[in-house]
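A.B. asks: Residue-level listing of the chains:
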Amino acid sequence: KAGVTQTPRYLIKTRGQQVTLSCSPISGHRSVSWYQQTPGQGLQFLFEYFSETQRNKGNFPGRFSGRQFSNSRSEMNVSTLELGDSALYLCASSLELAGELFFGEGSRLTVL
Amino acid sequence: DAKTTQPPSMDCAEGRAANLPCNHSTISGNEYVYWYRQIHSQGPQYIIHGLKNNETNEMASLIITEDRKSSTLILPHATLRDTAVYYCIVRGENQAGTALIFGKGTTLSVSS
Chain A
1 KAGVTQTPRY LIKTRGQQVT LSCSPISGHR SVSWYQQTPG QGLQFLFEYF
51 SETQRNKGNF PGRFSGRQFS NSRSEMNVST LELGDSALYL CASSLELAGE
101 LFFGEGSRLT VL
Chain B
1001 DAKTTQPPSM DCAEGRAANL PCNHSTISGN EYVYWYRQIH SQGPQYIIHG
1051 LKNNETNEMA SLIITEDRKS STLILPHATL RDTAVYYCIV RGENQAGTAL
1101 IFGKGTTLSV SS
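In order, the protein sequence lines correspond to chains A and B.
Quick note, the first sequence lines up with residues 1 to 112 if you use the working numbering.
Quick note, the second sequence lines up with residues 1001 to 1112 if you use the working numbering.
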């Protein structure tokens, strides 16, 4: 079956703009979580959704937000982009909360 | 903060077994040990997980010490394609709202 799909794979934005990233989980998976990966900080947890509800949130400013739709697809939004937001954003899905995670290939964001 | 400690890098000759250690001295009784790996520019890939018994699947074996304070991931016959960053993570399997906390991982370099 199809894996986790993230779009877009690559994008370039300028400071002050906002960006929306999309994640389609594996069919049947109800939990979606998001991670930010940078060379300096490594993989950091952003948030986790289950049945359209945010269940957990990492230590990121309010500029980072997300949501999950009834079909389990998820989006994350970053407003007022800063240079430091340049990163690989990874989405992972699982059958249930705290289950085995399946990661997508990520969306690589570059902020100029 | 990550609850695990791993060596930053290891080398292995192709065809030999790669033994990757992980210390998790503060692991709780209901926390599992998970292993993921990340090949350059791809999303992390699940390898294996276990509670206290040794586990084996088609990719690797996981050996957990009796006191559960450390574990070893074994790739029995390493290939060049096993070159990746390997992450050891502890997490409760039914802890709703908890996230995977990734440390720095071990960069495994397999050479011919």
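Among these hints, one or two may not hold up.
[What the hints assert, rightly or not] BS3-like, lysine-lysine: derived pairs with alpha carbons at most 25 angstroms apart:
1. Lys13(A) <-> Lys1003(B)
2. Lys1003(B) <-> Lys1104(B)
3. Lys1069(B) <-> Lys1052(B)
4. Lys57(A) <-> Lys1052(B)
[Stated by the list, open to error] Reference listing, derived: stretches of chain A covered by chain B, where coverage requires no fewer than 3 residues with Cβ under 8 angstroms from a Cβ of chain B:
5. 7-21
6. 69-77
Derived from the structure by calculation, the hints contain no laboratory data.
Cβ atoms here follow ideal geometry from the backbone N, Cα and C, with glycine treated the same way.
A.B. asks: Could you run down the list of hints and mark each one as holding or not?
C.D. replies: Hint-by-hint comparison with the structure:
1. Lys13(A) <-> Lys1003(B): Roughly 35 angstroms between the alpha carbons, so the hint for lysine 13(A) and lysine 1003(B) is violated.
2. Lys1003(B) <-> Lys1104(B): Holds: lysine 1003(B) and lysine 1104(B) sit about 11 angstroms apart, inside 25 angstroms.
3. Lys1069(B) <-> Lys1052(B): holds (10 angstroms)
4. Lys57(A) <-> Lys1052(B): Measuring from Cα to Cα gives roughly 29 angstroms; hence the hint is violated.
5. 7-21: violated (count 0)
6. 69-77: Violated: only 0 residues of the stretch 69-77 of chain A have a Cβ under 8 angstroms from chain B.
Violated hints, in rising order: 1, 4, 5 and 6; the structure is consistent with all others.
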